[in-house]
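Visitor: So the protein lines, in turn, are chains Z and G. One rule links them: number in the numbering used here = place in the first sequence (from 1) + 386. One rule links them: number in the numbering used here = place in the second sequence (from 1) + 38.
It is worth saying that the hints were derived from the structure and are not from the lab. One or more of the hints may lead you astray.
What the hints assert, rightly or not - Partner residues are not named here, just some residues of chain Z that face chain G (Cβ under 7 Å, in silico):
id, residue
1, Leu600
2, Gly602
3, Glu606
4, Leu613
5, Gly614
Unchecked claim - Beta-carbon label-pair distances, calculated as ranges:
id, chain 1, residue 1, chain 2, residue 2, range
6, Z, Ala423, G, Arg93, 16 to 24 Å
7, G, Gly111, Z, Phe420, 22 to 30 Å
8, Z, Ala672, G, Arg174, 42 to 50 Å
9, G, Ala40, Z, Phe420, 37 to 45 Å
10, G, Ile259, Z, Trp410, 28 to 36 Å
11, G, Asp258, Z, Trp410, 43 to 51 Å
12, Z, Ala423, G, Asp258, 47 to 55 Å
13, Z, Leu448, G, Ala150, 43 to 51 Å
14, Z, Trp410, G, Met39, 31 to 39 Å
15, Z, Asn594, G, Arg174, 25 to 33 Å
16, Z, Leu583, G, Ser77, 55 to 63 Å
We put the beta carbon where it would ideally sit given N, CA and C, even for glycine.
Below are the chains, spelled out letter by letter.
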Amino acid sequence: MSATRQRPAAERRRIYAGSGTAAWGRGHARAFAFALARWRAAPLASAATTAVLGLALLLPLLFGLALANATRLAGTLEASREISLFLAMDRDGSDAEALALRLRARPDVAAVALRSPEQGLAEFRRMSDLADSLDLLDGNPLPWVLVVTPDGEPAPLARALAAEPGIETVQYDAAWRARLDAWLDLARRVLWLLAALLAAGALLVVGNTVRLDLGGRREEIALLQLLGAEDADIRRPLLWLGLLHGLGGAVLALAGAALAALLLAAPLAALAASYGGGLALQGPGAGGIGATLAAGAALGWLGARVAAGHYLRTSRPADR
Amino acid sequence: MALLRLEGVCKAYPGGQAALVDVGFSVAAGELVFLTGHSGAGKSTLLKLLHLAERPDRGAVLVEERNLAAVRGRDVARYRRRLGVVFQDHRLLPDWSLHDNVALPLRLAGIAEAEVGPRVREVLARVGLGDRLAARPPQLSTGEQQRAGIARAVVGRPLLLLADEPTGNLDPQLAAEIMGLFLELPERGTTVLVASHDLALIKRTRRRTLVLHAGRLVDDIAAADLAA
Chain Z
387 MSATRQRPAA ERRRIYAGSG TAAWGRGHAR AFAFALARWR AAPLASAATT AVLGLALLLP
447 LLFGLALANA TRLAGTLEAS REISLFLAMD RDGSDAEALA LRLRARPDVA AVALRSPEQG
507 LAEFRRMSDL ADSLDLLDGN PLPWVLVVTP DGEPAPLARA LAAEPGIETV QYDAAWRARL
567 DAWLDLARRV LWLLAALLAA GALLVVGNTV RLDLGGRREE IALLQLLGAE DADIRRPLLW
627 LGLLHGLGGA VLALAGAALA ALLLAAPLAA LAASYGGGLA LQGPGAGGIG ATLAAGAALG
687 WLGARVAAGH YLRTSRPADR
Chain G
39 MALLRLEGVC KAYPGGQAAL VDVGFSVAAG ELVFLTGHSG AGKSTLLKLL HLAERPDRGA
99 VLVEERNLAA VRGRDVARYR RRLGVVFQDH RLLPDWSLHD NVALPLRLAG IAEAEVGPRV
159 REVLARVGLG DRLAARPPQL STGEQQRAGI ARAVVGRPLL LLADEPTGNL DPQLAAEIMG
219 LFLELPERGT TVLVASHDLA LIKRTRRRTL VLHAGRLVDD IAAADLAA
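I would like the entire structure built from these sequences, with the hints used as guidance.
Guide: Structure, rendered in structure tokens:
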């Protein structure tokens, strides 16, 4: 080749390889524009895919929010649950006062209320249909009762108080708490299982969308390959398309969760109030929003990556 | 120096039909060479071996002394970006504008958009389509589509241009214009291999001609001999 015909190596590199990061950035900018164009080319099908992804994300999101709020509510109920100490029948008011004074000094006790046998009997009359029967009793059969509000974990305190002299019975429903914990644990596992199943479904939905897109562009892709497109060149717009679907689905899921919270806030607050607690429904928060967007984007990207990878592995028989 | 060299190349398609049998020749850098023969002589198969759409069963295809058998994976794409290919059926993307079709090799090469536009406009002007930038291929005549395919093949200033029957659907005057474009390319550093069965065009153009028959290279005619 003559000197005039020989193209300098630097120019050839520039022509055929671009300039590193800048070429990579341009590739992504073009791929993003192309993905947007593909989205707009079939708006109904694209919206349907995004909506299915949104539902797949919304269900675990709602379940997760419900679980988080239930856990919080359970925590509130547990925290407010009191330990009732029934004194022996031979203990009188001064014994009860002395014990209450001692208990209030404990760091794990928030408050101690005294309930006399008379107060207990009056309460019993109000709360039961046995008022007439109570009149038949010779005296008051009820002991002095100390109602202890724990400051912290109630179970160890209940065990400690059982060892106090003069206490006949300690009433603290540990089994109820254990059952609640078991339910919450089960619900958490169901949530993860549900999320995994729906994530697999979301992957299949995005993968199928990309597969259909590739099927409709078979000739175009074959031409791109003949003209020197690398797998990354062909995959890049599809990854952006998957990412757009995933992010769109995540935004839809967050909007759905916000709508659900709006609809459920009032009845849930009323329900909580009926149990004597106040409950403001808690949303996903900045972390939850970020995690949902990241999960949507990751699912969309991964679904597109798997489908495009499979197509490209089978479409370059002479290249390998 | 030979830019392109084939040594004992054989290729048969499934079913046993031999497309190329022991073909060997070399082409110097900056040369324009015709490849001719009847339909089924092996012209298109040879071009496919050169742009790696097919692989030889035996023998070696060397470009710049590099055996293409060793070009695999990502290197295939890199190698193809150094080629220009004119397809017999144009193979333009129907939904893309003429500008985007022609810009494709530059964009695949990562050329900056500021450079893509001027180069696309320049090459389209050279093939007489400077005023059809926004047109879609279905809006173009067959001859215009062929010229657009040529513009796409040359816009990246390729090392080697492969053209499969580039004037097959064109009238003689247009065919002569297209050949005029090809004749400019060696001056710009591009080696050109044109597969054509148009003997009148080959005689008019007067360039070295390789003759294939039933997959065998049966003649290698120098330009001077064609003139005679």
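Visitor: Hint by hint, say whether it matches the structure.
Guide: Now for the hints, and whether the structure bears them out:
no. : hint                            : result
1   : Leu600                          : violated (15 Å)
2   : Gly602                          : violated (11 Å)
3   : Glu606                          : holds (6 Å)
4   : Leu613                          : holds (6 Å)
5   : Gly614                          : holds (3 Å)
6   : Z:Ala423 x G:Arg93: 16 to 24 Å  : violated (35 Å)
7   : G:Gly111 x Z:Phe420: 22 to 30 Å : holds (24 Å)
8   : Z:Ala672 x G:Arg174: 42 to 50 Å : holds (47 Å)
9   : G:Ala40 x Z:Phe420: 37 to 45 Å  : holds (40 Å)
10  : G:Ile259 x Z:Trp410: 28 to 36 Å : violated (47 Å)
11  : G:Asp258 x Z:Trp410: 43 to 51 Å : holds (45 Å)
12  : Z:Ala423 x G:Asp258: 47 to 55 Å : holds (49 Å)
13  : Z:Leu448 x G:Ala150: 43 to 51 Å : holds (47 Å)
14  : Z:Trp410 x G:Met39: 31 to 39 Å  : holds (34 Å)
15  : Z:Asn594 x G:Arg174: 25 to 33 Å : holds (29 Å)
16  : Z:Leu583 x G:Ser77: 55 to 63 Å  : holds (57 Å)
Of the numbered hints stated above, those contradicted by the structure are hints 1, 2, 6 and 10, listed in ascending order.
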